[in-house]
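Protein chains: 2
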Amino acid sequence: MAEMLPPGSTIGILGGGQLGRMLSVAASRLGLKTHIFEPAAKPPAGQVADMITTAGYDDLKALGRFAASVDVITYEFENIPTAALDHLETLRPIHPNRKALATSQDRIVEKEFLQSLGLKVAPFAQIDTLNDLQSALKTINTPCILKTRRFGYDGKGQIRIDTITEAKTAFDALNGAPAVLEGFVVFEREISVIAARNQNAEVACYDPGENLHQSGILHTTSVPAQLSMTQQTDAVILAGRILNALDYIGVMGVELFVTTSGLIVNEIAPRVHNSGHWTQNGCLIDQFEQHIRAVAGWPLGDGQRHSNVVMTNLIGDDTYSKDANIGLHLYGKSATRPGRKMGHVNVISAKT
Amino acid sequence: MAEMLPPGSTIGILGGGQLGRMLSVAASRLGLKTHIFEPAAKPPAGQVADMITTAGYDDLKALGRFAASVDVITYEFENIPTAALDHLETLRPIHPNRKALATSQDRIVEKEFLQSLGLKVAPFAQIDTLNDLQSALKTINTPCILKTRRFGYDGKGQIRIDTITEAKTAFDALNGAPAVLEGFVVFEREISVIAARNQNAEVACYDPGENLHQSGILHTTSVPAQLSMTQQTDAVILAGRILNALDYIGVMGVELFVTTSGLIVNEIAPRVHNSGHWTQNGCLIDQFEQHIRAVAGWPLGDGQRHSNVVMTNLIGDDTYSKDANIGLHLYGKSATRPGRKMGHVNVISAKT
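Order-wise, the sequence lines are chains E and P. Position one of the first sequence corresponds to residue 69 (my numbering), numbered consecutively onward. Position one of the second sequence corresponds to residue 69 (my numbering), numbered consecutively onward.
Simulated from the structure, these hints should not be mistaken for laboratory data. All values reported here derive from a predicted model rather than from experimental measurement. There's no promise every hint is true.
Pairs count within a copy or across copies, as identical chains cannot be separated in the list.
Calculated lysine-lysine pairs in the DSBU-like style (CA-CA distance at most 30 Å, straight line) [as the list claims (entries may be wrong)]:
hint : residue 1 : residue 2
1    : K401      : K110
2    : K129      : K206
3    : K110      : K129
4    : K188      : K236
5    : K110      : K206
6    : K401      : K236
7    : K224      : K401
8    : K129      : K419
9    : K110      : K236
10   : K419      : K236
11   : K167      : K236
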């Protein structure tokens, strides 16, 4: 059995955005403290953390002091520089592990990993040259989408290609970044499974949520998703297989397309996930506490849901109701920018 | 209409214990920051607050800096020295107001206020001398209870008197503190109403909770309480009357005895209340967010409950389950002492 970090211990979190903020709040419920490491000044997570380090990921001294002050390290985003992780992992345990990070940091590594488990992914091709792209467009039909292999989020680093004549423009737009061409998937709906696995290899999943995107950014997640019981079970088993294969510790977001020929994995994220924010007002133990429980060696919540929930993101200057009976979650960001996630709202109703 | 404090504003909280801690977390959901003022070093609330001031309530300079850094001031306990409040209220709004504080700080003032509203309280008498006590024991039957007028909590400053021969021992034990003798009330059950009122005079109450005490300290609160619909409505109306009469802004805990001859008010607390901790896992908007909404000029949640809840306090070295499906809330206190509140657990079930 894993050793449980006792109350009073400190969780180190790489990244001080809204996910770090909500992880910090969840840790406090368990009597755990947090230390946020974030290059940007005055991070949202710092408002609710016990300690903050403001330093770059190349500052080995700061990383060393950070590691020495915490009992375990986790992260709120997957694009942490490798050199920082190399240093940190000599000092403290890091969950989820490097394999999970390396897999999800690179779209091609991720897809090949998923295929190795026998799971379906969208048709794809590795694109390093314009020639690669032109060849790939002969087998992957337009419309399709050219994505950087690394560092993409919220639709950034993605270019839609509607006709093969757009190949050069699209390729040039990525400035030579290693890329992947992905075919579009005709899907009935897009869902995600928020899954967790702890140090005793226990796995727990929340009910799948059904996602709607706008302009490449998640707009709403609704729970329950419109799925047959078989589809729901398939989705949960699939997520569990991914976590086991990675010897994963923590919460993972698994995005899936539901198609007439079964489930296709869109992508995985080795962290708490925007499409799991509904759990804050739909479950006794939310995805943030679940993640903290996993990395701290605690037993997991079982993922039970007490209510139906519709989660809606607040993007840029989206307005929101401060009125009663809407679960409002603002991220404490001082600057509003178009496309920036500023908060979310959860509307709950009786469980069905 | 009241002006709403915009996200990014700072709530000043006097007191850094568990109530301040949970208020701070609730404020973060609304994009509000908190500044904790607390004489003791490393307060539990400091682990999740944006700022902490460690200074005494007699440190006018520190109070002044604190006030200058916040937009509104509230508190987590009612025994704040008057001189500190005199200074602070010249600098920033304080909610709930001085009248509410003054009323609840003194058991006799409180009882006379409640009687002035036509509400029932237990039989009581003001005790300044041993002679007062001996006279009072002729009209208030034993067993009864001698309490200090001020500064009592969790059964502290209270002495049970079983026979009139114990009068002198009991009186001496209070070391001359102004006191009140209270008759015992024969009750069917003890309940509390967690009520809120905001700056637009909107009032919202949660469903009454049923309380069990052990050794003078709250042990469990169960919701729903076993009440007839009439009793429940009476309790909620009564609480609303108290809040209106005080022009109250914030959350109040109203403790009531349910007797065969109606409701008797035990005491009121001008703050979030231990018997309202169940709302964290039973309601979309819990008592802590409700209080922050009230003092920040926001609309109130309507107090709806999505689940049944049994809240159990963790006192001293009480053990608790870290297992799934128990809503665990630990307070981040470094030292465990007998009788000290270390945390609580909420167990939820389907709403009835």
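Inset, instruction - Go through the copies and call it for K401 and K236: within, between, both or neither, with a Cα cutoff of 30 Å. - result: neither (38 Å within a copy, 61 Å between copies)
Legend entry - Copy assignment of K110 with K236, given that the CA separation must stay at most 30 Å: Intra 41 Å, inter 60 Å, cutoff 30 Å: neither.
Legend entry - K419 and K236: within-copy, between-copy, both or neither at 30 Å Cα: Classified as neither: same-chain Cα gap 50 Å, cross-chain 60 Å, threshold 30 Å.
Inset, instruction - Evaluate K129 and K419 at a C-alpha cut-off of 30 Å and name the case that applies: within, between, both or neither. - result: This pair counts as neither: shortest intra-copy Cα distance 50 Å, inter-copy 53 Å.
Inset, instruction - First find the shortest C-alpha distance between K110 and K129 inside one copy, then the shortest across copies, and answer within, between, both or neither for a cut-off of 30 Å. - result: Cα proximity of K110 and K129: in one copy and across copies (20 Å, 26 Å).
Inset, instruction - First find the shortest C-alpha distance between K167 and K236 inside one copy, then the shortest across copies, and answer within, between, both or neither for a cut-off of 30 Å. - result: neither (34 Å within a copy, 74 Å between copies)
Inset, instruction - Could you place K401 and K110 in one of the four classes (within, between, both, neither) given a Cα distance threshold of 30 Å? - result: both (9 Å within a copy, 26 Å between copies)
Legend entry - Alpha-carbon proximity between K129 and K206, which holds within one copy, between copies, both or neither at 30 Å: Neither: 51 Å inside a chain and 75 Å across chains, both beyond 30 Å.
Legend entry - Within, between, both or neither, where K188 and K236 count as close if Cα-Cα is 30 Å or less: Cα proximity of K188 and K236: one copy only (29 Å, versus 83 Å across).
Inset, instruction - At 30 Å max between alpha carbons, let me know whether K110 reaches K206 within a copy, between copies, both or neither. - result: neither (49 Å within a copy, 65 Å between copies)
Legend entry - Copy assignment of K224 with K401, given that the CA separation must stay at most 30 Å: within (20 Å within a copy, 43 Å between copies)
Going through the hint list in order, the structure does not satisfy hints 2, 5, 6, 8, 9, 10, 11.
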